[in-house]
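Knowing the structure of chain A, use the given hints to seat chains B and C on it.
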Amino acid sequence: MTALLDVRHLAVSLPGAGGQVLPVIHDATLQVSRGEIVGIAGESGSGKSMTAQALLGLLPERAQVSGSAVLDGNTELVGRSGRAWRTVRGTRIAMVFQDATAALHPMLTVGRQLTEHMREHLGLDRRAAEARALDLLDRVRIPGGRGALRSYPHQLSGGMRQRVAIASALACEPELLIADEPTTALDVTVQAGILELFDELRRESGLSVLFITHDLGVLAALTVRAYVFYAGRVMESGPTGELLLRPRHPYTAALLHARPHADDSWTLPEDGVTRPDEAAERRTQPLVTIPGSAVSPAAAPPGCPFAPRCAYAEAACTGELPPVTEVRPGHAVACRVLPDLTEVPA
Amino acid sequence: MTGPRIDLTPSESGDPVTTGTVPPAPGGDPRTQRLLERRRWAGRLRVRSVSSTWRQPSVVFALILLGVWMLAAALAPVVAPFDPVTQSANLYASPSAEHWFGTDELGRDVFSRVVHGARLSLPVAVIIVGVALAIGAVLGLLAGYLGRAADEVIMRVTDLVFAFPQIILAMAVAAAFGPSTRNAVLALIIVSWPTYARVIRSSVLSVRGADYLAASRLLGVGPVMALRRDVVPNAVGPAVVLATLELGNAVLMLAALSFLGLGPRPPAPEWGAMIAAGSRDLSMWWVSVFPGLAILTVVLAFNILGDALRDRLDPRYAKGLS
Amino acid sequence: MSALTVDDAAVEYSSRGRGTVRAVDGVSLEVARGQIVGLVGESGCGKSSLARAVAGLEPVASGQVLIDGRPVSPLGWRRRTGQDVRLQMVFQNPYASLNPRRTVGSQVADGLPEGRSSAVRHAEVSRLLDLVGMPADAAARYPHQFSGGQRQRIAIARALAPEPEVLIADEPVTALDASSQAQIVNLLVSLVAELSVGVLFISHDLALVREIADITAVMYLGRIVEMGPTQQVWGAPRHPYTRALIDALPRITEAPRLPVPLRGEVPDAAHVPTGCRFRPRCPVAMDVCTEQPPIITLGPAMAECWLAESARDDDRPSDKH
Numbered sequence: 001m002t003a004l005l006d007v008r009h010l011a012v013s014l015p016g017a018g019g020q021v022l023p024v025i026h027d028a029t030l031q032v033s034r035g036e037i038v039g040i041a042g043e044s045g046s047g048k049s050m051t052a053q054a055l056l057g058l059l060p061e062r063a064q065v066s067g068s069a070v071l072d073g074n075t076e077l078v079g080r081s082g083r084a085w086r087t088v089r090g091t092r093i094a095m096v097f098q099d100a101t102a103a104l105h106p107m108l109t110v111g112r113q114l115t116e117h118m119r120e121h122l123g124l125d126r127r128a129a130e131a132r133a134l135d136l137l138d139r140v141r142i143p144g145g146r147g148a149l150r151s152y153p154h155q156l157s158g159g160m161r162q163r164v165a166i167a168s169a170l171a172c173e174p175e176l177l178i179a180d181e182p183t184t185a186l187d188v189t190v191q192a193g194i195l196e197l198f199d200e201l202r203r204e205s206g207l208s209v210l211f212i213t214h215d216l217g218v219l220a221a222l223t224v225r226a227y228v229f230y231a232g233r234v235m236e237s238g239p240t241g242e243l244l245l246r247p248r249h250p251y252t253a254a255l256l257h258a259r260p261h262a263d264d265s266w267t268l269p270e271d272g273v274t275r276p277d278e279a280a281e282r283r284t285q286p287l288v289t290i291p292g293s294a295v296s297p298a299a300a301p302p303g304c305p306f307a308p309r310c311a312y313a314e315a316a317c318t319g320e321l322p323p324v325t326e327v328r329p330g331h332a333v334a335c336r337v338l339p340d341l342t343e344v345p346a
Numbered sequence: 001m002t003g004p005r006i007d008l009t010p011s012e013s014g015d016p017v018t019t020g021t022v023p024p025a026p027g028g029d030p031r032t033q034r035l036l037e038r039r040r041w042a043g044r045l046r047v048r049s050v051s052s053t054w055r056q057p058s059v060v061f062a063l064i065l066l067g068v069w070m071l072a073a074a075l076a077p078v079v080a081p082f083d084p085v086t087q088s089a090n091l092y093a094s095p096s097a098e099h100w101f102g103t104d105e106l107g108r109d110v111f112s113r114v115v116h117g118a119r120l121s122l123p124v125a126v127i128i129v130g131v132a133l134a135i136g137a138v139l140g141l142l143a144g145y146l147g148r149a150a151d152e153v154i155m156r157v158t159d160l161v162f163a164f165p166q167i168i169l170a171m172a173v174a175a176a177f178g179p180s181t182r183n184a185v186l187a188l189i190i191v192s193w194p195t196y197a198r199v200i201r202s203s204v205l206s207v208r209g210a211d212y213l214a215a216s217r218l219l220g221v222g223p224v225m226a227l228r229r230d231v232v233p234n235a236v237g238p239a240v241v242l243a244t245l246e247l248g249n250a251v252l253m254l255a256a257l258s259f260l261g262l263g264p265r266p267p268a269p270e271w272g273a274m275i276a277a278g279s280r281d282l283s284m285w286w287v288s289v290f291p292g293l294a295i296l297t298v299v300l301a302f303n304i305l306g307d308a309l310r311d312r313l314d315p316r317y318a319k320g321l322s
Numbered sequence: 001m002s003a004l005t006v007d008d009a010a011v012e013y014s015s016r017g018r019g020t021v022r023a024v025d026g027v028s029l030e031v032a033r034g035q036i037v038g039l040v041g042e043s044g045c046g047k048s049s050l051a052r053a054v055a056g057l058e059p060v061a062s063g064q065v066l067i068d069g070r071p072v073s074p075l076g077w078r079r080r081t082g083q084d085v086r087l088q089m090v091f092q093n094p095y096a097s098l099n100p101r102r103t104v105g106s107q108v109a110d111g112l113p114e115g116r117s118s119a120v121r122h123a124e125v126s127r128l129l130d131l132v133g134m135p136a137d138a139a140a141r142y143p144h145q146f147s148g149g150q151r152q153r154i155a156i157a158r159a160l161a162p163e164p165e166v167l168i169a170d171e172p173v174t175a176l177d178a179s180s181q182a183q184i185v186n187l188l189v190s191l192v193a194e195l196s197v198g199v200l201f202i203s204h205d206l207a208l209v210r211e212i213a214d215i216t217a218v219m220y221l222g223r224i225v226e227m228g229p230t231q232q233v234w235g236a237p238r239h240p241y242t243r244a245l246i247d248a249l250p251r252i253t254e255a256p257r258l259p260v261p262l263r264g265e266v267p268d269a270a271h272v273p274t275g276c277r278f279r280p281r282c283p284v285a286m287d288v289c290t291e292q293p294p295i296i297t298l299g300p301a302m303a304e305c306w307l308a309e310s311a312r313d314d315d316r317p318s319d320k321h
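Protein chains in written order, with UniProt numbering: chain A, 1 to 346; chain B, 1 to 322; chain C, 1 to 321.
FYI, nobody ran anything at the bench for these hints, they're computed from the structure.
Please read all numbers here as calculations on a predicted model, not as lab measurements.
Incorrect hints may have been included.
Derived Cβ-Cβ restraints for the label pairs, each shown as a range [as the list claims (entries may be wrong)]: (1) T290(C) x G292(A): 52 to 58 Å; (2) Y152(A) x V68(B): 54 to 60 Å; (3) A172(B) x S14(C): 50 to 56 Å; (4) D137(C) x Q56(B): 30 to 36 Å; (5) A123(C) x G147(B): 36 to 42 Å; (6) A163(B) x W77(C): 52 to 58 Å; (7) A123(C) x G292(A): 27 to 33 Å; (8) S14(C) x L108(A): 57 to 63 Å; (9) S81(A) x V272(C): 54 to 60 Å; (10) L300(B) x G82(A): 37 to 43 Å.
To list a few chain B residues with every Cβ distance to chain C over 12 Å, as calculated [what the hints assert, rightly or not]: (11) I64; (12) V68; (13) P77; (14) A80; (15) W100; (16) D151; (17) P179; (18) S202; (19) Y212; (20) G220; (21) V224; (22) V231; (23) F259; (24) P267.
Glycine is no exception: its CB is placed at the ideal position from the N, C-alpha and C atoms.
In isolation and in its complexed conformation, chain A is listed as follows (with noise of 0.2 Å):
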């Protein structure tokens, strides 16, 4: 069986400032099958959100696109027309971004927004686009029925307008749905709602999500697979839980342990009760931090772009691009060192 989405060797550039070209991402490949929610993980500027403008043709018109990217084994994503990605984009391919309030139109109602799009796109008349938009609320969990269509986005809070956001993207029921840090600017609370509500479609109908985020708790409570970019390249990719708790890959083992460790349990004396002076016992560098700074794809150094800041870093590392191992079946990962990372870099 073919994937649903199956980005081969994809590489952008952009036009930068005085006629020079800014990659930003190099050789990208990536799968997604049917009914599969996989993430993208990686730091800002990794490439991540470029991958996803990539395959919704939003890119910058003098963007230099290679590669391939084919949807269902039949449609080529890569140097498509404007007038071409019309019959995909927002159709076959949606998107969540992840300021709904910039997505939603804050004049329009909520039932405005989704019908409007329905009628334009399905060519459906205004009773039964009002009749779908109806399901689709229901479908995104919003309460309220025909009150919620009457409502503003600015009436709405940011949960709510980012759930009429992923209505509005299946409005036309699209194949694959990409979310661009969906839940970043939203509280803990209201993002664990998000994130069911993406699990629940994704049961419910078998809908394929290219979930894009920086977080590594959120990337292992959602996504079955995961690719991890640093510099406009895949560092790693696998299943998700083997990729963040036996990760084999220096950089993805970096970014696991400069954040806070909120998986680990505590153990409690017996009564339950701590006195102040017992939980004293901090460490004085909480976090294991990576050296440096995180670099543009444009500025990487030859060979491993993550090698100047690698603990493991060898010669050979700075001179050419590491190969792409598999350590095991759908784990691969691009690192020409392959240390033992059990061991916390001092």
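Here is chains B and C on its own, set in the frame of chain A:
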């Protein structure tokens, strides 16, 4: 982009001035320090506004244009072949080798009058804008920084001025004072300061909510010191840009008042008055067209510079610089 | 004795159309020197209003803020002196908290005590910059020449200049990228140990607070609903809201598990529910919850819930799943 930074000489020379609050060893008194601060500030403004902006062709054009006009104003007695007010029997002579721009209804040389007009219009425009900016800046700062009653009073006064179309009010004031250059200037200052007050007030309000001001005050910086160091430097940018744009407007308004007989009294060579004189019979086109071109070029030059300055001082652009 | 004491503080805003809104409604907490108190809560819970009021940037409507037992006067037209400057603040956005038109050195020197020679001040600025891991020559440069993480270091150096007893850090790493976040957090924690300064660390990031705070206070709709030693608050939360926050955190676990959402929405602070303010969203609300819940103390911890007492018996550490 090293250009703009090199001029921050105090920081490059490695002397103790680098920390900004520390005066150099000999001039330890606050006045020297103030002077240094001011010089550094002015230096930065000058450098930021000119160094990388001047390469744009439109800005080069505007600078050349203004340079020519300033030279003309400074050297008017040398440049002008005739006295601007001396009449002759040669009425309405069309442009010729002797009278480049022709002569007017009293036989005066139009070219000499246009050149001498720059001597009048440019300094007057600078005075109008300078004084109006100063008044507006002080009142705008007070309104924005003190808030409450001071803000209410000052803003209601500006509303009063804004209630009338600027030029109508200027005409009324100038008419009430009687036609003269001084009164026209006064009238134009009276109608234009509220704009600066408003602009400065709004930028002060945005700075007043800024975290860096809060941080300064929490560290024990007094309100007056904070006003000087944190508020003023971050609030005057838009008003300076506005002032540059308004220089052109001041030239125009002065010409308008003169056109209506409310400005400098005849026979003073004022561009607006010259246009008015020529407009009686447009078949003698040169009498009004050349002063009109003078106004056009000056206003255009100021507008281009004002726009460039705005682009330059725009915080988004400044961020890109780093 | 605690360096910072906040006693029953309230912060009010009056806005047209909504009347007076109590953003903070009776908050008490203490921060000792060398201690990190983490204040967590979601957007709109009043944590930033509390931070600004404690720092003196907003007046408190009632209650008191004491530093070393003496009341802190809110910022007015007077210069802050003496005791007041020993309470400093680190702001969320390092791009907005440094004056773009003044050198770093001049801004750091703002907080130095007066009446020292220029050479001494110069040396002090270098020392402070060094303390936060910045080179001394940063003093001569302008903020726009530095990255977000570096700017936050500078802002911390500036806040340390008057030798504060307590720092209020309002979401100090939220605006930074992942690498800088970890560095700034580590810096703050090491400064607490080195300088024995107290920190009121305000954050929406529970995991981060758990990592660094000695005491965790959980705020909901203007009140602290639970507070105690971090280990205890996390290990055995007494308040249903704390539990909900912990359960909503996405985690990395062997078997993928979705975080648990909290139903409902945070009510408008202008229309606070009667009784327990968490009642409309609380999964275990009872009839009695329409009355103001008691504050139950358990050793060094407190929780404002009718069930807090019984929660002790039905011990339900959140990490048992």
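To see whether the hints hold, each was checked on the structure:
With their beta carbons about 56 Å apart, T290(C) and G292(A) fall inside the hinted range of 52 to 58 Å. For Y152(A) and V68(B), the hinted distance range of 54 to 60 Å is satisfied, since their beta carbons lie about 57 Å from each other. Between A172(B) and S14(C) the CB atoms are about 42 Å apart, so this pair departs from the stated range of 50 to 56 Å. The hinted range of 30 to 36 Å is satisfied by D137(C) and Q56(B), whose Cβ atoms lie roughly 34 Å apart.
At about 39 Å, the beta-carbon gap between A123(C) and G147(B) stays in the expected band of 36 to 42 Å. The supplied range of 52 to 58 Å is broken by A163(B) and W77(C), whose beta-carbon atoms lie about 33 Å from each other. With their beta carbons about 30 Å apart, A123(C) and G292(A) fall inside the hinted range of 27 to 33 Å. Between S14(C) and L108(A) the C-beta distance comes to about 32 Å, which lies outside the given range of 57 to 63 Å.
Checking the proposed 54 to 60 Å range against S81(A) and V272(C) shows it holds: the Cβ atoms sit about 56 Å from each other. The supplied range of 37 to 43 Å is met by L300(B) and G82(A), whose beta-carbon atoms lie about 39 Å from each other. With 12 Å as the threshold on Cβ separation, the claim that I64(B) sits away from chain C holds: the shortest Cβ distance comes to roughly 31 Å. The Cβ of V68(B) lies farther than 12 Å from every Cβ of chain C, with a closest approach of about 34 Å, so its non-interface assignment holds.
The claim that P77(B) is not at the interface with chain C holds, since no C-beta of that chain comes within 12 Å of its own (minimum 43 Å). Distance check for A80(B) against chain C: the nearest CB is about 44 Å away, which clears 12 Å, and the non-interface claim stands. Listed as outside the interface, W100(B) is consistent with that label: its C-beta sits roughly 48 Å from the nearest C-beta of chain C, beyond the 12 Å cut-off. Even its closest Cβ contact with chain C, about 15 Å, leaves D151(B) beyond 12 Å, as expected for a residue assigned away from the interface.
With a closest Cβ-Cβ approach of about 44 Å to chain C, P179(B) is found to remain outside the 12 Å limit, as its non-interface label requires. Even its closest Cβ contact with chain C, about 18 Å, leaves S202(B) beyond 12 Å, as expected for a residue assigned away from the interface. Consistency note on Y212(B): stated as away from chain C, yet its beta-carbon is not over 12 Å from all of that chain's, at 4 Å minimum. Its beta-carbon lying about 5 Å from the closest one in chain C, G220(B) breaks the requirement of being farther than 12 Å from that chain.
A Cβ of chain C approaches the Cβ of V224(B) within 12 Å, the least distance being about 9 Å, so the stated non-interface status is violated. Taking the minimum C-beta to C-beta distance to chain C, about 10 Å, the non-interface status of V231(B) is violated against the 12 Å cut. F259(B), annotated as away from the interface, keeps every beta carbon of chain C farther than 12 Å; the closest lies near 42 Å. Remark: the non-interface label on P267(B) is consistent with the geometry, its nearest Cβ contact in chain C lying 49 Å away (cut-off 12 Å).
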